[in-house]
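So the protein lines, in turn, are chains A and B.
The first sequence begins at 1 in the numbering used here and counts up by one.
The second sequence begins at 1 in the numbering used here and counts up by one.
Certain hints may be false.
[To be verified] Computed footprint of chain B on chain A; a stretch qualifies when at least three of its residues, placed anywhere within it, have a C-beta under 8 Å from a C-beta of chain B:
| hint | stretch |
| --- | --- |
| 1 | 69-80 |
| 2 | 110-122 |
| 3 | 141-155 |
| 4 | 175-185 |
| 5 | 270-279 |
No lab work stands behind these hints: they were computed from the structure.
Quick caveat: nothing in here was measured; it's all calculated off a predicted structure.
Quick reminder that beta carbons are idealized off the backbone N, C-alpha and C, glycines included.
2 protein chains.
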Amino acid sequence: MSSTHSIAHEIRNDFGVPFTHRLLFDRDVLDPANPLVDAVFEREHDDAPPAGMIVVIDQGLADARPGIQEAISKRFFGSALPELREIILIPGGEASKNDPAIIDRILESIERHRIDRRSYVSIFGGGAVLDAAGFAASTAHRGVRIVRFASTVLSQLDAAIGVKNGVNRFEKKNFIGSFDVPVAVICDEAMLDSLDQRTWREGFSEAVKIACLQDASFFGSIADSADLIREGDLDAARPIIRRCAKMHLEHIANGGDPFERLEARPLDFGHWSAHRLESMSGFDLNHGEAVAIGICLDSTYSHLIGRLDKAAFERIIDVMTRLGLPITHPLLSDDRLIAGLEEFREHLGGRLTITLLEEIGRGVDVHEMDLDRVRDAISVLDSIAG
Amino acid sequence: MSSTHSIAHEIRNDFGVPFTHRLLFDRDVLDPANPLVDAVFEREHDDAPPAGMIVVIDQGLADARPGIQEAISKRFFGSALPELREIILIPGGEASKNDPAIIDRILESIERHRIDRRSYVSIFGGGAVLDAAGFAASTAHRGVRIVRFASTVLSQLDAAIGVKNGVNRFEKKNFIGSFDVPVAVICDEAMLDSLDQRTWREGFSEAVKIACLQDASFFGSIADSADLIREGDLDAARPIIRRCAKMHLEHIANGGDPFERLEARPLDFGHWSAHRLESMSGFDLNHGEAVAIGICLDSTYSHLIGRLDKAAFERIIDVMTRLGLPITHPLLSDDRLIAGLEEFREHLGGRLTITLLEEIGRGVDVHEMDLDRVRDAISVLDSIAG
Chain A
1 MSSTHSIAHE IRNDFGVPFT HRLLFDRDVL DPANPLVDAV FEREHDDAPP AGMIVVIDQG
61 LADARPGIQE AISKRFFGSA LPELREIILI PGGEASKNDP AIIDRILESI ERHRIDRRSY
121 VSIFGGGAVL DAAGFAASTA HRGVRIVRFA STVLSQLDAA IGVKNGVNRF EKKNFIGSFD
181 VPVAVICDEA MLDSLDQRTW REGFSEAVKI ACLQDASFFG SIADSADLIR EGDLDAARPI
241 IRRCAKMHLE HIANGGDPFE RLEARPLDFG HWSAHRLESM SGFDLNHGEA VAIGICLDST
301 YSHLIGRLDK AAFERIIDVM TRLGLPITHP LLSDDRLIAG LEEFREHLGG RLTITLLEEI
361 GRGVDVHEMD LDRVRDAISV LDSIAG
Chain B
1 MSSTHSIAHE IRNDFGVPFT HRLLFDRDVL DPANPLVDAV FEREHDDAPP AGMIVVIDQG
61 LADARPGIQE AISKRFFGSA LPELREIILI PGGEASKNDP AIIDRILESI ERHRIDRRSY
121 VSIFGGGAVL DAAGFAASTA HRGVRIVRFA STVLSQLDAA IGVKNGVNRF EKKNFIGSFD
181 VPVAVICDEA MLDSLDQRTW REGFSEAVKI ACLQDASFFG SIADSADLIR EGDLDAARPI
241 IRRCAKMHLE HIANGGDPFE RLEARPLDFG HWSAHRLESM SGFDLNHGEA VAIGICLDST
301 YSHLIGRLDK AAFERIIDVM TRLGLPITHP LLSDDRLIAG LEEFREHLGG RLTITLLEEI
361 GRGVDVHEMD LDRVRDAISV LDSIAG
């Protein structure tokens, strides 16, 4: 070798990893007469050995629907379906993401019941349980098959649709997680029947978010239905839930960067403060409520810096109010809120990117925020809320 | 709604996730005059905030190359490069994959030093350390940037090239893991200078494996150089290492299923018994040695069931012997070996798939093994080894 550097040699490969995402809406999918489960869990070949399955259920869902375990056992009784080997109950909400023992418990069950890469972990629950159990399942054997049965409005229109799993660590939301594509996301309307009022309502803030960012006509539809939705009208809510889920999935499938390798995530409008508010409140505020407040804050800020006109900003506040969602909170004035901006920057990776609004239906990314104007926006919201 | 099932509604999306994989060969990449590091770690935009970096080093490498920490600190001193925030030493070999505390230690460092999705975890080591530290890095923030500096023959031609991370759990190899594509894999020839004889030699069994499966002419090249390679001749080894790495990367990039969503992995020739032998020996056998034995076992079995002719089977045993690698081991006769077949089936997902040989350069997948013939193959190997 004549020179140290003459042997430098590079091979570069660009490649794509193919995924299929199925999103299914139906009612009473656990009814033995409903064929949806058969279609989702069908065997690849007749000579394939039967797959196994464990089921993870959100304790909140199990409490609200006392017969669910028996219904699952009955529905999955059949030689063409995966063999149900254990049902595990885990706490609902952020608790499921804060306790590493829950992840261990699911991993142990996967090991004990020989759940392999062709077998299933089916998860029934809201967004947090789907996130936590999905993380365990996506790391076991580098990923067993995940089917998400989304049980809340929030998960059916947003959280369950995504390709992210995650748990909290070091008191940071989603500090540990994975990207993984579930085999199917199943949205059963019957599961929404048993939601309490707060859990019903909180789901719709994510619909307002995506409408604000992408689609003024969708915003109009939400505005038209807001009073009915607030009162729990499923017929009014159904088209909103489905349209929102579809927009979310299209963004993932067609946005060009489903695993967020390239850029910050434009969907996270209103979320920098929402994440912080949730944890500062000790999770008294649920995710959807915190997002509602976060959206109002960033909409107000967008108006105060001259990006968004007054009528649009007022429409957003009005819709959120009529959905029965909060628009402000005493913790907004806590100094720790601002510290959340730094945490958000770090989670995104390096450069702060905050999405603001130029008009309803059109977001714009900025890379800094004027903290005095943020404080002004909080005052405006407090005075509107009276 | 007139009927329960009239509302069933499915949205299906097929999409690809884009990745770029860079594989670089060079010598003395830590030499301040060598520009390779600058090219790999260059900033995306001039106005981007500086990225951070932590470095994880295989203790075995640090012992063999006492100046390495200082060399890394010096090489990464410069405003255009990521800021080096901590160097962590972890045990080499399987120990790194068996101890969950090591994963925690890396995660804590990522958190403490605010390593974000634009920042780096650079890993210097052999395959096991790359697997373990890579797993931690690929789950933090759902994946920070990983750069692999492969320090052994085995990692340079195989382990570091892949897109898998993993750690052992429940005494099962790679029970927990992830698929992730490193930003770059850097193979520095200078790191091979300090390998002990066993660690040098064990790397080449993976080259024999890929040659047996895919490329008779590559097998011929290995056979021609086997004696020189056994004696540590880098000039003889270099083309073998690079060609093997390139074949491995091409399989990942062009094989259509880099994250193994669709099928069992045809590259795993000889591995069902190898994984078992490693753990049964308490890791006295290293991975490459166990793979050498596993290849000899499955080649012999392929011959005994009439798939592979005698001359081909004898050539494989001869090459392995001339590379200085073992062809059998007393633990092959332990009943626990056969139990490993079931474990392998489970890890793959459902159906057992074992790759055998039809000729050198052409593998064939089968879905069952005749255990009596496996025992015969072991006897044949024992008698050859004398």
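Structure-based check of all given hints:
no.: 1; hint: 69-80; verdict: violated (count 0)
no.: 2; hint: 110-122; verdict: holds (count 6)
no.: 3; hint: 141-155; verdict: holds (count 4)
no.: 4; hint: 175-185; verdict: holds (count 5)
no.: 5; hint: 270-279; verdict: violated (count 0)
The structure fails to meet hints 1 and 5 from the earlier list, while all remaining hints are met.
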